[in-house]
Amino acid sequence: MTRRSRRGNGVETAVIPNLHALYHRVDEIAIRIMTAKGLLLLRVSLGIVFFWFGLLKVIGVSPVANLVAVAIYWAPPGVTVPLLGIFEVALGIGLLTGVAMRLTLGLFWLHLAGTFLVLVFRPDIAFQHGNPLLLTVEGEFVVKNLVLIAGGIAVGSTVKHQ
Numbered sequence: 102m103t104r105r106s107r108r109g110n111g112v113e114t115a116v117i118p119n120l121h122a123l124y125h126r127v128d129e130i131a132i133r134i135m136t137a138k139g140l141l142l143l144r145v146s147l148g149i150v151f152f153w154f155g156l157l158k159v160i161g162v163s164p165v166a167n168l169v170a171v172a173i174y175w176a177p178p179g180v181t182v183p184l185l186g187i188f189e190v191a192l193g194i195g196l197l198t199g200v201a202m203r204l205t206l207g208l209f210w211l212h213l214a215g216t217f218l219v220l221v222f223r224p225d226i227a228f229q230h231g232n233p234l235l236l237t238v239e240g241e242f243v244v245k246n247l248v249l250i251a252g253g254i255a256v257g258s259t260v261k262h263q
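For the sequence shown, the residue numbers in the working numbering are 102 to 263.
The hints are simulated quantities; they were obtained by calculation from the structure and are not laboratory data. Please note that the accuracy of each hint is not assured.
As the list claims (entries may be wrong) - Okay, the calculated beta carbon distance ranges per label pair: (1) Pro177 to Leu208: 16 to 24 Å; (2) Glu129 to Pro177: 53 to 61 Å; (3) Pro118 to His230: 53 to 61 Å; (4) Ile149 to Leu211: 45 to 53 Å; (5) Val260 to Trp175: 27 to 35 Å; (6) Leu235 to Val116: 46 to 54 Å; (7) Asn246 to His125: 36 to 44 Å.
Virtual Cβ for every residue (Gly too), placed ideally from N, Cα, C.
Please build the complete structure, drawing on both the sequences and the hints.
Right, dumping it as structure tokens:
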């Protein structure tokens with residue numbers, strides 16, 4: 102039984118315990134949904150990003166085509182950019198479908214590790230004034246891949262033996 106008394110502002114004290122209980126109930130439901138669907142949504146989101154970004158490279162409208170061309174300077178960009186796009190589309194399909202996840206994630210991590218080569222071989226593109234703490238737009242684009250790698254690790258933690 103809740104105690105009902107009036108405060109100076111006219112609000113019943115029973116309202117506060119009810120709001121507290123409602124908050125915890127909503128919180129528990131949200132946690133259950135996130136636990137049940139979070140990693141699936143992460144895998145699908147990664148798949149969409151890779152498929153989309155890869156497709157942009159394949160059709161020749163990627164905003165990072167120049168970065169790819171400069172980073173992979175030893176090969177002709179007319180070949181490397183579309184090939185990288187096809188590879189990313191394949192990774193996207195693997196992530197979207199969940200098929201061959203061990204292979205898909207291995208290639209996913211290899212690809213993302215490769216993006217960090219820009220920081221090593223072309224620091225002039227990634228850093229302002231040679232300072233590794235001052236990233237350029239391209240440097241930020243590369244460093245944000247740490248989040249994609251972490252997402253891939255989270256997805257990989259659920260992969261069963263295939």
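(message) Can you tell me whether the CB distance of Ile149 to Leu211 sits inside 45 to 53 Å?
(response) The hinted range 45 to 53 Å is violated for Ile149 and Leu211, with Cβ atoms some 20 Å apart.
(request) Using the beta carbons of Val260 and Trp175, state whether their distance is inside 27 to 35 Å or not. (result) holds, 34 Å
(message) Please check whether Glu129 and Pro177 have a Cβ separation lying inside 53 to 61 Å.
(response) Between Glu129 and Pro177, where Cβ atoms are some 56 Å apart, the hint holds.
(request) Could you say whether the range 36 to 44 Å given as a hint is met by the Cβ separation of Asn246 and His125? (result) holds, 37 Å
(message) Can you tell me whether the CB distance of Leu235 to Val116 sits inside 46 to 54 Å?
(response) Once the Cβ atoms are compared, 52 Å apart, the range 46 to 54 Å for Val116 and Leu235 holds.
(message) Tell me if the beta carbons of Pro177 and Leu208 are separated by a distance inside 16 to 24 Å.
(response) Cβ of Pro177 to Cβ of Leu208: about 23 Å, so the range 16 to 24 Å holds.
(request) Kindly confirm whether 53 to 61 Å is satisfied by the beta carbon distance between Pro118 and His230. (result) For His230 against Pro118, whose Cβ atoms are near 58 Å apart, the range 53 to 61 Å holds.
Checked against the numbered hints given earlier, this structure breaks only hint 4.
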